[in-house]
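Undergrad: Residue numbers (this note's numbering), protein chains in the order written: chain A, 52 to 315; chain B, 28 to 345.
Incorrect hints may appear among the rest.
To be verified - According to the in silico footprint, chain B covers these stretches of chain A (three or more CB under 8 Å from chain B): (1) 64-74; (2) 118-130; (3) 145-152; (4) 285-295.
Said to hold, decoys possible - Restricting the straight-line Cα-Cα distance to at most 20 Å, the calculated cross-link-like pairs of lysine to aspartate or glutamate (EDC-like) are: (5) B:166 / B:152; (6) A:217 / A:82; (7) A:277 / A:301; (8) A:216 / A:190; (9) A:196 / B:60; (10) A:247 / A:231; (11) A:217 / A:262; (12) A:277 / A:139; (13) A:56 / A:117; (14) A:128 / B:60; (15) A:70 / A:82; (16) A:196 / B:220; (17) A:216 / A:180; (18) A:298 / A:285; (19) A:247 / A:301; (20) A:196 / B:152; (21) A:287 / A:243; (22) A:128 / B:197; (23) A:217 / A:180; (24) A:128 / A:162; (25) A:131 / B:197; (26) A:173 / B:268; (27) A:219 / A:248; (28) A:131 / B:220; (29) A:131 / A:117; (30) A:216 / B:197; (31) B:57 / B:220; (32) A:172 / B:197; (33) A:196 / A:162; (34) A:298 / A:262.
For the record, the hints were derived by calculation from the structure and aren't laboratory data.
We treat Cβ as the ideally placed atom computed from N, Cα and C, and that holds for glycine.
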Amino acid sequence: MLELKEVYKTFNPGTVNEKRALNGLNLTLKEGDFVTVIGSNGAGKSTALNAIAGVWPIDSGSIVIDGQDVTGLPEYKRAKFLGRVFQDPMTGTAATMQIEENLALALRRGDRRTLRAGITKKERDMFREMLKTLDLGLEDRMTTKVGLLSGGQRQALTLLMATLKKPKLLLLDEHTAALDPKTAEKVLNTTDRVIKEHNLTAFMVTHNMKDAIAHGNRLIMMNEGKIILDIGEEEKKGLTMKDLLDKFAEISGSSIQSDKVLLA
Amino acid sequence: MGGFISALPGAISQGLIWGIMAIGVYITFKVLDIADLTVDGSFCTGGATFVVLFGMGVPVPVALLAAFGVGLLAGLATGLLHTFCGIPAILAGILTQLGLWSVNLAIMGMKANVSINVINQENLEKLWVSLRFVQDVAKGARPFYRHPIFVVGLFTIGVIVLLYWFFGTEIGCSLRATGANGNMARAQGINTDVTKVLGLMISNGLVSLSGALLAQYQSFADSSMGKGAIVIGLAAVIIGEALFSKIFRNFALTLLSVSLGAVIYYAVIQAVISLSNINTNYLKLISACIVGIFLSVPYWKGKYFAKPVKREEVASDA
Numbered sequence: 052m053l054e055l056k057e058v059y060k061t062f063n064p065g066t067v068n069e070k071r072a073l074n075g076l077n078l079t080l081k082e083g084d085f086v087t088v089i090g091s092n093g094a095g096k097s098t099a100l101n102a103i104a105g106v107w108p109i110d111s112g113s114i115v116i117d118g119q120d121v122t123g124l125p126e127y128k129r130a131k132f133l134g135r136v137f138q139d140p141m142t143g144t145a146a147t148m149q150i151e152e153n154l155a156l157a158l159r160r161g162d163r164r165t166l167r168a169g170i171t172k173k174e175r176d177m178f179r180e181m182l183k184t185l186d187l188g189l190e191d192r193m194t195t196k197v198g199l200l201s202g203g204q205r206q207a208l209t210l211l212m213a214t215l216k217k218p219k220l221l222l223l224d225e226h227t228a229a230l231d232p233k234t235a236e237k238v239l240n241t242t243d244r245v246i247k248e249h250n251l252t253a254f255m256v257t258h259n260m261k262d263a264i265a266h267g268n269r270l271i272m273m274n275e276g277k278i279i280l281d282i283g284e285e286e287k288k289g290l291t292m293k294d295l296l297d298k299f300a301e302i303s304g305s306s307i308q309s310d311k312v313l314l315a
Numbered sequence: 028m029g030g031f032i033s034a035l036p037g038a039i040s041q042g043l044i045w046g047i048m049a050i051g052v053y054i055t056f057k058v059l060d061i062a063d064l065t066v067d068g069s070f071c072t073g074g075a076t077f078v079v080l081f082g083m084g085v086p087v088p089v090a091l092l093a094a095f096g097v098g099l100l101a102g103l104a105t106g107l108l109h110t111f112c113g114i115p116a117i118l119a120g121i122l123t124q125l126g127l128w129s130v131n132l133a134i135m136g137m138k139a140n141v142s143i144n145v146i147n148q149e150n151l152e153k154l155w156v157s158l159r160f161v162q163d164v165a166k167g168a169r170p171f172y173r174h175p176i177f178v179v180g181l182f183t184i185g186v187i188v189l190l191y192w193f194f195g196t197e198i199g200c201s202l203r204a205t206g207a208n209g210n211m212a213r214a215q216g217i218n219t220d221v222t223k224v225l226g227l228m229i230s231n232g233l234v235s236l237s238g239a240l241l242a243q244y245q246s247f248a249d250s251s252m253g254k255g256a257i258v259i260g261l262a263a264v265i266i267g268e269a270l271f272s273k274i275f276r277n278f279a280l281t282l283l284s285v286s287l288g289a290v291i292y293y294a295v296i297q298a299v300i301s302l303s304n305i306n307t308n309y310l311k312l313i314s315a316c317i318v319g320i321f322l323s324v325p326y327w328k329g330k331y332f333a334k335p336v337k338r339e340e341v342a343s344d345a
């Protein structure tokens with residue numbers, strides 16, 4: 052479903068701020084894989100996600116989604132394959148547009164946009180039914196501007212938008228990091244449900260080890276722009292936080308100097 | 028006072044004409060969130076194109092359409108400078124505006140102004156709007172529906188209806204999304220470069236059309252007729268928003284409020300001219316001050332009079 056081969060990316064090359072963010076990253080995801088990605092700050096988790104999304108071009112390597120080489124495609128063309136939820140609740144939705152207008156935009160992801168109506172009666176009815184499943188009461192407020200919603204409501208809406216048109220790959224970029232714990236859990240549960248329901252392939256970056264262990268069927272740990280640990284379904288079932296920390300120490304050859312960075 | 032009342036129909040006509048330009052400014056400034064300075068140039072381009080084509084015997088509707096067309100091209104130039112060449116929008120607009128100065132002179136045959144001979148009755152009858160019709164209707168020499176307020180008013184309604192339809196289509200929605208949140212738009216597969224260029228084109232097309240109507244109304248085009256147009260456009264947008272945003276929430280009505288904002292702006296300017304002995308050369312300074320103050324109000328409000336924003340609790344009842 053997803054194949055990253057020898058992906059390199061360096062930011063600000065040739066300056067004092069030079070940062071080698073991806074260092075020969077290799078990753079293959081099978082259809083239906085739900086992989087959680089952890090790593091300390093600057094390990095390259097979000098960079099890997101942005102490379103897949105095509106936010107900027109990579110320096111070398113190749114990215115293949117569902118058999119199609121997308122390495123040279125700009126962000127808006129890759130959108131056809133991808134559903135995305137961002138860390139900042141403000142990023143995933145258009146604040147000055149209505150809930151139903153946001154959904155209508157998402158429904159047309161990857162389609163050619165024409166001079167046909169931007170939203171139809173039939174779509175409104177469909178959106179109402181889908182909003183009900185979020186259990187946030189949004190189905191009665193479809194013409195409310197999204198800017199008036201709370202962070203949790205916006206993330207839930209973004210999640211619905213990302214999966215409205217079934218994506219080949221769902222990219223979740225620490226999408227609960229900006230939420231309070233209770234809301235974060237609710238959004239994560241919704242995430243789980245949506246992924247199961249549609250049998251989606253998902254790539255979830257998180258800062259939270261507990262979440263990384265509790266969700267998905269595969270866990271990846273990144274360090275210095277590479278994958279240093281890849282735990283499959285069977286092994287992941289009995290995995291504890293201590294196991295993870297020990298493994299990290301073993302592989303990287305040093306104990307983690309600041310657990311906080313990893314556990315935050 | 029009598030002078031002001033008698034000058035009012037003219038001021039309203041002119042305000043309505045500038046209102047079409049202001050609607051164009053609204054599209055870039057409010058919908059796309061771009062401050063587009065092309066306007067000062069493209070306004071004159073429309074006027075010059077219209078007058079020159081009319082002088083060549085081209086029918087009024089065709090000349091107006093051509094003016095709209097050159098505006099599209101001006102917007103295209105700014106759009107490509109901004110998206111394809113990566114120049115900041117404000118600078119891209121300034122570059123186009125500067126270049127258009129020469130283009131406008133070239134259109135007018137390297138003269139600073141060109142005029143329509145309205146002494147020639149045959150010419151005058153062909154026009155859709157003219158300052159002279161204001162007086163003619165007042166005297167009863169022409170039916171009311173030839174009054175510029177009526178004609179330009181119809182024009183404005185036509186423009187608003189078309190834009191209302193357009194911004195409800197898939198393409199129109201993607202344009203709005205681009206202005207609201209570019210990241211989100213791209214994540215939904217929208218080529219935000221294309222939508223920005225499209226928005227700049229439509230905006231400048233309307234600005235040019237407005238310039239053509241003004242040139243027709245005053246029966247001449249002048250190379251400096253667009254100077255400060257962006258400020259007038261912003262003034263109209265801001266006045267319209269300040270006075271009507273509480274009652275007009277629908278998009279079509281918002282556009283109407285922009286047009287009304289331009290009318291009010293011209294009525295106020297006319298009042299200042301009629302009721303005081305001010306040298307009209309100070310008008311631009313006054314306009315700049317008024318717009319400056321209105322633009323800073325939202326900032327001051329946020330900074331010094333901030334009220335806690337009412338937000339709903341995060342699914343507290345769930």
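Undergrad: Look at each hint and say if it fits the structure.
TA: These are the hints, each one checked on the structure:
Residue count for the stretch 64-74 of chain A with a Cβ under 8 Å from a Cβ of chain B: 0. That is fewer than the three needed, and the coverage hint is violated. Given a C-beta distance limit of less than 8 Å, the hint that chain B covers the stretch 118-130 of chain A holds, as 5 residues qualify and 3 suffice. Check result for the stretch 145-152 of chain A against chain B: holds, 5 residues qualifying (beta carbon to beta carbon below 8 Å, three or more required). Counting residues of the stretch 285-295 of chain A whose CB lies closer than 8 Å to any CB of chain B gives 0, which falls below the minimum of 3, so the coverage claim is violated.
Annotation: proposed proximity of residue 166 of chain B to residue 152 of chain B holds, straight-line Cα distance about 17 Å (limit 20 Å). This hinted pair checks out: residue 217 of chain A and residue 82 of chain A have alpha carbons roughly 13 Å apart, not beyond 20 Å. Taking the CA atoms of residue 277 of chain A and residue 301 of chain A, the gap is about 16 Å. The hint holds against a cut of 20 Å. Only pairs whose Cα atoms come within 20 Å are accepted, and residue 216 of chain A paired with residue 190 of chain A is accepted, the gap being roughly 19 Å.
The suggested pairing of residue 196 of chain A with residue 60 of chain B holds, with an alpha-carbon distance near 17 Å, which does not exceed 20 Å. Restraint check for residue 247 of chain A and residue 231 of chain A: not satisfied, since their Cα atoms lie roughly 24 Å apart, outside the 20 Å limit. For the given pair, residue 217 of chain A sits about 24 Å from residue 262 of chain A by alpha-carbon distance, which is inconsistent with the 20 Å threshold. For the hint pairing residue 277 of chain A with residue 139 of chain A, the CA-to-CA distance comes to about 25 Å; that exceeds 20 Å, so the pair is violated.
As the CA atoms of residue 56 of chain A and residue 117 of chain A are separated by approximately 14 Å, the hinted pair is consistent with the 20 Å bound. Straight-line distance between C-alpha atoms of residue 128 of chain A and residue 60 of chain B comes to about 23 Å, which puts the hinted pair past the 20 Å bound. Distance hint between residue 70 of chain A and residue 82 of chain A is unfulfilled; the C-alpha atoms sit about 32 Å from each other, more than 20 Å. At most 20 Å may separate the alpha-carbon atoms for a hinted pair to count; residue 196 of chain A and residue 220 of chain B exceed this at roughly 25 Å.
Restraint check for residue 216 of chain A and residue 180 of chain A: the C-alpha separation of about 15 Å stays at or below 20 Å, so the hint holds. Taken as a hint, the residue 298 of chain A and residue 285 of chain A pair is honoured in the structure, with Cα atoms around 16 Å apart against an allowance of 20 Å. As the CA atoms of residue 247 of chain A and residue 301 of chain A are separated by approximately 34 Å, the hinted pair breaks the 20 Å bound. For the given pair, residue 196 of chain A sits about 49 Å from residue 152 of chain B by alpha-carbon distance, which is inconsistent with the 20 Å threshold.
Straight-line distance between C-alpha atoms of residue 287 of chain A and residue 243 of chain A comes to about 16 Å, which keeps the hinted pair within the 20 Å bound. In summary, the hint linking residue 128 of chain A to residue 197 of chain B is supported, as the alpha carbons are separated by about 17 Å, within the 20 Å threshold. About 17 Å separates the Cα atoms of residue 217 of chain A and residue 180 of chain A, which keeps this hinted pair within 20 Å; it holds. The straight-line distance between the Cα atoms of residue 128 of chain A and residue 162 of chain A is roughly 10 Å, inside the 20 Å bound, and the hint therefore holds.
Between the alpha carbons of residue 131 of chain A and residue 197 of chain B the distance comes to roughly 16 Å, so the proposed pair stays at or under 20 Å and holds. Simply put, residue 173 of chain A and residue 268 of chain B have alpha-carbon atoms about 33 Å apart, too far for the 20 Å limit, and the pair is violated. In summary, the hint linking residue 219 of chain A to residue 248 of chain A is supported, as the alpha carbons are separated by about 14 Å, within the 20 Å threshold. Restraint check for residue 131 of chain A and residue 220 of chain B: the C-alpha separation of about 17 Å stays at or below 20 Å, so the hint holds.
As the CA atoms of residue 131 of chain A and residue 117 of chain A are separated by approximately 11 Å, the hinted pair is consistent with the 20 Å bound. For the hint linking residue 216 of chain A to residue 197 of chain B, the alpha-carbon distance of about 16 Å falls within 20 Å, and the restraint holds. Distance check on the hinted pair: residue 57 of chain B and residue 220 of chain B sit about 17 Å apart at the alpha-carbon level, within 20 Å; holds. Between residue 172 of chain A and residue 197 of chain B the alpha-carbon distance is near 14 Å, which keeps this suggested pair within the 20 Å criterion.
Among the hinted pairs, residue 196 of chain A with residue 162 of chain A is inconsistent with the structure: their alpha-carbon atoms are about 24 Å apart, more than 20 Å. For the suggested pair residue 298 of chain A and residue 262 of chain A, the alpha carbons sit about 18 Å apart, so the restraint of at most 20 Å is met.
Consistency with the previously given hints fails for numbers 1, 4, 10, 11, 12, 14, 15, 16, 19, 20, 26, 33, ordered from lowest to highest.
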